[in-house]
Amino acid sequence: MYDQSFTLRTISNELRKSDFIKRPRLRAETVKAQELKNAVEKANGYWNIGNCLLESLLKGKSVFRSAEFSDELLIRKINNNLNKNFGETSDSRDNVIANLRELLSEGIEYRVYRLDIKNFYESINHSLIKHHLDNSQLISQPTKRFVLSFLDEHIKRGRSGVPRGLSLSATLANVAMKEFDYKIKQHHNVFYYGRYVDDIIIITDRKEMTHKFLKLIRQTLPAGLFLNNKKQKICQTSGDVKPHKADAPPIKELEFEYLGYQFIVTSPKTVNGMRPGQYHREVRLDIAKSKINKTKTRIARSFLSYNSDKNFEMLLSRLKFLSSNFSVMDADRDRKRMAGIFYNYHRINPQESEGLKDLDAYLIKVASSGWGNISSKLHSTTTVSQRRKILRISFARGFSEKTFLHFSHTKMSEIQRCWKYV
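Under full-length UniProt numbering, think of the first position of the sequence shown as 1, with each following residue one higher.
If you're looking for bench data, these hints aren't it; they were derived computationally from the structure. Keep in mind that a hint or two might mislead.
[What the hints assert, rightly or not] Straight line, CA to CA, 27 Å or less: simulated DSSO-like cross-link-like pairs of lysine-lysine:
id: 1; residue 1: 296; residue 2: 231
id: 2; residue 1: 420; residue 2: 231
id: 3; residue 1: 61; residue 2: 212
id: 4; residue 1: 183; residue 2: 212
id: 5; residue 1: 389; residue 2: 296
id: 6; residue 1: 144; residue 2: 207
id: 7; residue 1: 289; residue 2: 212
id: 8; residue 1: 291; residue 2: 420
id: 9; residue 1: 294; residue 2: 411
id: 10; residue 1: 230; residue 2: 420
id: 11; residue 1: 233; residue 2: 207
id: 12; residue 1: 231; residue 2: 185
id: 13; residue 1: 291; residue 2: 252
id: 14; residue 1: 207; residue 2: 231
id: 15; residue 1: 59; residue 2: 231
id: 16; residue 1: 289; residue 2: 59
id: 17; residue 1: 215; residue 2: 118
id: 18; residue 1: 294; residue 2: 336
id: 19; residue 1: 320; residue 2: 289
id: 20; residue 1: 59; residue 2: 118
id: 21; residue 1: 252; residue 2: 242
Please build the complete structure, drawing on both the sequences and the hints.
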């Protein structure tokens with residue numbers, strides 16, 4: 001049985017392998033023991049929750065992190081206590097993409113809603129969280145007390161919602177959204193519903209009236225939460241699938257972005273002997289246009305950094321990092337995971353991908369044209385041999401060949417410094 005108490009044994013279970021990488025001093029047994037002792041003393045004595053977080057700005061929004069490692073351990077323990085009782089297992093990003101692709105290929109008519117909740121974390125209503133905590137017989141009293149103090153202290157300091165940046169906040173937000181998720185999922189016109197934080201996707205049978213359905217969603221959202229109309233996208237098929245002639249181009253029915261992918265749904269080709277009800281739509285996946293633009297910005301910043309410091313080896317490292325694959329530590333799962341151009345988008349077809357072609361074309365243009373502020377300065381400070389090295393770098397090849405590079409934690413931080421938060 002899961003133990004919700006705050007003891008040396010239970011809190012030591014919150015230690016992760018990544019902690020010893022990020023904080024080498026923890027490798028000393030005395031230091032580790034002291035941190036665990038500090039956490040237990042805080043939990044069983046007076047834990048000043050109001051001072052346990054540090055605040056910083058990221059893209060204009062306040063982001064929080066633990067002030068001390070002992071605070072981090074306690075927040076992890078509280079989060080796990082809640083997750084064991086409130087948490088619902090969710091599919092991985094890859095499974096969601098695969099399932100969506102399968103659903104979108106169906107030959108029936110449907111409508112897709114891509115919705116976004118405005119200022120999600122900052123607008124979470126505490127009363128819903130408190131209601132679920134009060135009604136739960138499974139959450140321990142100390143855990144409830146810590147969560148309520150955590151929320152109250154956040155408000156006392158002139159803030160709203162839950163602190164952005166903490167895994168505990170994501171869990172509390174899911175608790176607040178529990179009833180909304182259930183109600184929309186059970187709607188008779190909905191055959192797929194998914195939500196990742198503030199990012200919602202819904203697929204319906206197209207029999208609902210769009211304006212009434214959106215009104216229902218707005219009314220069902222917890223008090224204080226509102227849809228972001230600027231990020232809203234609604235698209236639909238023209239009816240049941242209709243194949244195009246074999247000698248004609250496919251008809252694009254709809255297109256949208258979700259979880260870093262671009263979904264392009266088109267009509268299938270006519271096949272002799274196949275009856276109307278047997279056809280499925282073609283669903284092509286590509287890198288989302290927003291991700292393409294973000295990568296282009298990082299390429300540009302890499303060149304701007306070179307134009308400033310003339311560190312050509314760092315420029316090459318940055319471009320190779322963007323166009324290849326590597327491993328990163330997944331702190332939540334306490335293990336390494338693969339990332340990069342192939343592993344982030346492995347469901348695309350490189351032969352069909354416009355995104356890979358676009359990235360390669362952009363890199364070639366900057367490196368070889370000599371036009372524009374970035375490219376002209378690059379040409380004046382590099383040799384032909386150096387520019388050839390840049391032109392050997394390819395996003396399409398990094399994807400197809402699954403090019404894998406090894407970077408130390410320090411090197412990776414240095415590489416990412418010039419585009420941090422982009």
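Outcome of the hint check:
Simply put, residue 296 and residue 231 have alpha-carbon atoms about 21 Å apart, close enough for the 27 Å limit, and the pair holds. Only pairs whose Cα atoms come within 27 Å are accepted, and residue 420 paired with residue 231 is accepted, the gap being roughly 24 Å. Of the pairs offered as hints, the one joining residue 61 and residue 212 is violated, with about 33 Å between alpha carbons and a cut-off of 27 Å exceeded. For the hint linking residue 183 to residue 212, the alpha-carbon distance of about 15 Å falls within 27 Å, and the restraint holds.
For the suggested pair residue 389 and residue 296, the alpha carbons sit about 19 Å apart, so the restraint of at most 27 Å is met. For a cut-off of 27 Å, the pair hint linking residue 144 to residue 207 is broken: about 43 Å separates their Cα positions. Of the pairs offered as hints, the one joining residue 289 and residue 212 is violated, with about 30 Å between alpha carbons and a cut-off of 27 Å exceeded. Under the criterion of a C-alpha separation no larger than 27 Å, the hint pairing residue 291 with residue 420 is consistent with the structure, at around 15 Å.
Of the supplied pair hints, the one linking residue 294 and residue 411 holds, its CA atoms being roughly 21 Å apart against a limit of 27 Å. Taken as a hint, the residue 230 and residue 420 pair is honoured in the structure, with Cα atoms around 25 Å apart against an allowance of 27 Å. Among the hinted pairs, residue 233 with residue 207 is consistent with the structure: their alpha-carbon atoms are about 18 Å apart, no more than 27 Å. At roughly 21 Å between alpha-carbon atoms, residue 231 and residue 185 fall within 27 Å of each other, so this suggested pair holds.
Between the alpha carbons of residue 291 and residue 252 the distance comes to roughly 22 Å, so the proposed pair stays at or under 27 Å and holds. For the hint linking residue 207 to residue 231, the alpha-carbon distance of about 23 Å falls within 27 Å, and the restraint holds. For the hint pairing residue 59 with residue 231, the CA-to-CA distance comes to about 17 Å; that is within 27 Å, so the pair holds. Taken as a hint, the residue 289 and residue 59 pair is honoured in the structure, with Cα atoms around 20 Å apart against an allowance of 27 Å.
The straight-line distance between the Cα atoms of residue 215 and residue 118 is roughly 16 Å, inside the 27 Å bound, and the hint therefore holds. A distance of roughly 24 Å separates the Cα atoms of residue 294 and residue 336; the hinted pair therefore holds under the 27 Å criterion. With a C-alpha separation of about 21 Å, the suggested pair residue 320 and residue 289 falls inside the 27 Å cut-off, and the hint holds. Straight-line distance between C-alpha atoms of residue 59 and residue 118 comes to about 15 Å, which keeps the hinted pair within the 27 Å bound.
Restraint check for residue 252 and residue 242: satisfied, since their Cα atoms lie roughly 11 Å apart, inside the 27 Å limit.
Hint violations for this structure: numbers 3, 6, 7, all remaining hints satisfied.
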